[in-house]
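*Asks:* Protein sequences, first through last, are from chains A and B.
Under the working numbering, the first sequence has 116 at position 116, and the numbering climbs by one with no breaks.
Under the working numbering, the second sequence has 99 at position 99, and the numbering climbs by one with no breaks.
Among the hints, erroneous ones may be present.
[Claimed, not checked] Taking lysine-lysine and the DSSO-like style, the derived pairs with C-alpha atoms no more than 30 Å apart in a straight line are:
1. B:LYS8 x A:LYS108
2. B:LYS8 x A:LYS118
3. B:LYS8 x A:LYS154
4. A:LYS46 x B:LYS60
5. B:LYS8 x A:LYS70
6. A:LYS70 x B:LYS59
7. B:LYS90 x A:LYS118
8. B:LYS60 x A:LYS154
9. B:LYS12 x A:LYS108
10. B:LYS12 x A:LYS118
11. B:LYS12 x A:LYS47
12. B:LYS60 x A:LYS47
13. A:LYS108 x B:LYS53
14. B:LYS21 x A:LYS118
15. B:LYS60 x A:LYS70
16. A:LYS14 x A:LYS108
17. B:LYS59 x A:LYS72
18. A:LYS154 x B:LYS21
19. B:LYS53 x A:LYS41
20. A:LYS154 x B:LYS59
21. A:LYS14 x B:LYS8
22. B:LYS53 x A:LYS154
23. A:LYS41 x B:LYS59
24. A:LYS108 x B:LYS59
25. A:LYS14 x B:LYS53
26. B:LYS60 x A:LYS41
27. B:LYS60 x A:LYS53
28. A:LYS53 x B:LYS8
29. B:LYS21 x A:LYS53
[Stated by the list, open to error] Label pairs and their computed distance ranges (CB to CB):
30. A:PRO12 x B:LYS32: 55 to 63 Å
31. A:ASN48 x B:ILE69: 21 to 29 Å
32. B:HIS38 x A:ASP69: 38 to 46 Å
Keep in mind that the hints were calculated from the coordinates and are not lab data.
The structure displayed is predicted, hence computed values, not measured ones.
Glycine included, each C-beta is placed from N, C-alpha and C at the ideal position.
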Amino acid sequence: MTQTEFLNIVMPFKNKVFRLAKRLLVSTEEAEDATQEVLLKLWNNKKNVQAYKNVEAFSMTMTKNFCLDKLKSKQAQNLKIAHSNYEDKNTALQKQVELNDSLSWVVKIIDDLPEQQKMIVQLRDIEGYDFDDIAEILDMNNTAVRVSLSRARKTIRETLTNTHNYGIK
Amino acid sequence: MVLNDIEKLLEKYENGETNLKEEQQLKTYFLKENVAPHLETYKPAFAYFSENKQERFTKKVLLNTKHPINFRWISVAAAVVLLFGFYMGKSFNNNDLGTIEDPEIAFNEISKTLEMISHQFNKGTSTVGYLNEVEHATSIIFKSN
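Next comes chain B alone, as it looks inside the complex (with noise of 0.2 Å):
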């Protein structure tokens, strides 16, 4: 191409008015060997934009095709478990343990009872004796005072 034209086409390009067309002779002009010498400093210019557009993005594209987790679903099967565990929970809930009727057995029964708590709140209470020691060495020690 004549120099000339390369001049006027590059004071365009200068001014943002080339089109695409146009810029594409310049880069092919600027990518060639023998550049005008007072033209040289545009080369690295071109030669950088031909460059820069081989670069590729090299890493996998990676997409999440994993469905969400479906929270209305399960919420319903929540309640269905909540429910089903109170009902398990009354039936197995059974307090009664009987009444006595006859007053005689009744009260055998129930001095048995008491007995034989009063018998292993004695043996509690007998561990207890150690605490005398403390009393009587705390009181010689007071009176020392």
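So that you can see chain A by itself, here it is in the shape it has in the complex (with noise of 0.2 Å):
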């Protein structure tokens, strides 16, 4: 396979796995770090590509997988400190937008689910992905996917009901 190839198969998806990796790391570094990382595997692996009958599900699951172990790692708990006062540059750029502070408490509302809820809205609510293909990226079952993103899609909600009524009610 060569170079072109590869790319023509790995850029339709390459901004997901960003995005996903961003989701779980927090910051754009890091997150740009473990995008360049995965499509590296990949590209190393490239002989056992074409064999694979779902590229993108794959190099999900993949990201999905470097990120966590990142998490664990005591590299990530040095980090910790320096990133829990970040800045998201993207809602800063929404100002035109009128609701830029209520998207700020989005982004922290998410930050606050439990790593799997994390991702499977990234997936579903951002990516729009099927049911199947989230199982599938994630390793468990349909049903499960179904509860977990229900749950994350109401406690969405309520902390947003609850930041919105605030002093009011």
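From the two separate chains plus the hints, produce the assembled complex.
*Replies:* Okay, structure coming up:
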């Protein structure tokens, strides 16, 4: 497989890999490194890539595993302090939207979700995967995905309602 | 879309029962300006979802195309060099200096050589004479004790 062929396969979903990595690792730089690492692993394994029936799902699983490993490693624990006060540049860009403050609330709420729910919200509500794909990527069954998703959505809604009505009701 | 439908969809959405198309309907509804006041709280969530999807991986993808070094051929080359080295070493290593057949000439040669050695040796020992001074000095000290 040549480099161009490989890039043609990888390009359509590299942003999804990046966003999933960022959802889990929080910092943009870490997410970029993770994406690079995942793509490099795929490239080194390019002989087998064509044999996989769903390269995208496979890469997403790789990303998930890589990021969870990263979070477990000591390195990530050292970085925690630096990351707790990071600012999301993208919500800052969104200033023209009145919702700026509420958007960063959503970021915070999603960050507080358990890792699995975080991933499911990312894959479903942001990337728009269907349940079978998510089940394959996360190595869960369909119903478990739905249940977690439902919990995550309810948590998001409840927390948003609470902050929205704070001091009013 | 009728508000009733949205409310029904939202309930399904929270239970994780909506399909992708229905979720898309919800997204388009909440991205519009006029959202029913009691549903306002959902707005930021959907706004964030669609905004986050715009985020791009901007770094260049670096792929390592360098071939790894093949150690098998390196070891073959090393073995060839080693064997060649042994071969060359053997042919150059010639220690034969010749022998003297006549005993008289041999005697003269050996006595000349030994004389030279003893001469050099005496040259060496003459400088050790200083040590006698040390002995002399120490003997004075030990006597005075």
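*Asks:* Decide, hint by hint, whether the structure agrees.
*Replies:* Do the hints match the structure? See the list:
This hinted pair checks out: LYS8 of chain B and LYS108 of chain A have alpha carbons roughly 27 Å apart, not beyond 30 Å. For a cut-off of 30 Å, the pair hint linking LYS8 of chain B to LYS118 of chain A stands: about 25 Å separates their Cα positions. The suggested pairing of LYS8 of chain B with LYS154 of chain A holds, with an alpha-carbon distance near 15 Å, which does not exceed 30 Å. For the proposed pair LYS46 of chain A and LYS60 of chain B, the alpha carbon gap of about 19 Å is at most 30 Å, so the pair holds.
For the suggested pair LYS8 of chain B and LYS70 of chain A, the alpha carbons sit about 41 Å apart, so the restraint of at most 30 Å is broken. For the suggested pair LYS70 of chain A and LYS59 of chain B, the alpha carbons sit about 20 Å apart, so the restraint of at most 30 Å is met. Straight-line distance between C-alpha atoms of LYS90 of chain B and LYS118 of chain A comes to about 74 Å, which puts the hinted pair past the 30 Å bound. Between LYS60 of chain B and LYS154 of chain A the CA atoms are separated by roughly 38 Å; this puts the pair beyond 30 Å, and the hint is violated.
Pair hint LYS12 of chain B plus LYS108 of chain A holds up; C-alpha atoms about 24 Å apart against a cutoff of 30 Å. Note on LYS12 of chain B and LYS118 of chain A: the hinted pairing holds, with a Cα-Cα distance of about 20 Å set against a maximum of 30 Å. Under the criterion of a C-alpha separation no larger than 30 Å, the hint pairing LYS12 of chain B with LYS47 of chain A is inconsistent with the structure, at around 43 Å. Note on LYS60 of chain B and LYS47 of chain A: the hinted pairing holds, with a Cα-Cα distance of about 22 Å set against a maximum of 30 Å.
Between the alpha carbons of LYS108 of chain A and LYS53 of chain B the distance comes to roughly 17 Å, so the proposed pair stays at or under 30 Å and holds. At most 30 Å may separate the alpha-carbon atoms for a hinted pair to count; LYS21 of chain B and LYS118 of chain A meet this at roughly 22 Å. Under the criterion of a C-alpha separation no larger than 30 Å, the hint pairing LYS60 of chain B with LYS70 of chain A is consistent with the structure, at around 22 Å. Taking the CA atoms of LYS14 of chain A and LYS108 of chain A, the gap is near 24 Å; set against the 30 Å cutoff, the hint holds.
Between LYS59 of chain B and LYS72 of chain A the alpha-carbon distance is near 25 Å, which keeps this suggested pair within the 30 Å criterion. At most 30 Å may separate the alpha-carbon atoms for a hinted pair to count; LYS154 of chain A and LYS21 of chain B meet this at roughly 20 Å. A threshold of 30 Å between alpha carbons decides the hint, and for LYS53 of chain B with LYS41 of chain A the separation of about 24 Å falls inside it, so the pair holds. For the hint linking LYS154 of chain A to LYS59 of chain B, the alpha-carbon distance of about 35 Å lies beyond 30 Å, and the restraint is violated.
Distance hint between LYS14 of chain A and LYS8 of chain B is unfulfilled; the C-alpha atoms sit about 35 Å from each other, more than 30 Å. At most 30 Å may separate the alpha-carbon atoms for a hinted pair to count; LYS53 of chain B and LYS154 of chain A meet this at roughly 21 Å. In summary, the hint linking LYS41 of chain A to LYS59 of chain B is supported, as the alpha carbons are separated by about 17 Å, within the 30 Å threshold. Taking the CA atoms of LYS108 of chain A and LYS59 of chain B, the gap is near 26 Å; set against the 30 Å cutoff, the hint holds.
Using a Cα cut-off of 30 Å, the hinted pair LYS14 of chain A and LYS53 of chain B holds, with the two alpha carbons roughly 12 Å apart. A hinted pair counts as satisfied when its Cα atoms are at most 30 Å apart, and LYS60 of chain B with LYS41 of chain A qualifies at roughly 16 Å. Of the pairs offered as hints, the one joining LYS60 of chain B and LYS53 of chain A holds, with about 26 Å between alpha carbons and a cut-off of 30 Å not exceeded. Only pairs whose Cα atoms come within 30 Å are accepted, and LYS53 of chain A paired with LYS8 of chain B is rejected, the gap being roughly 37 Å.
Using a Cα cut-off of 30 Å, the hinted pair LYS21 of chain B and LYS53 of chain A holds, with the two alpha carbons roughly 25 Å apart. Taken as a hint, the range 55 to 63 Å is violated for the pair PRO12 of chain A and LYS32 of chain B, whose Cβ atoms sit roughly 29 Å apart. At about 23 Å, the beta-carbon gap between ASN48 of chain A and ILE69 of chain B stays in the expected band of 21 to 29 Å. Distance hint check: the CB atoms of HIS38 of chain B and ASP69 of chain A are about 44 Å apart, consistent with the given range 38 to 46 Å.
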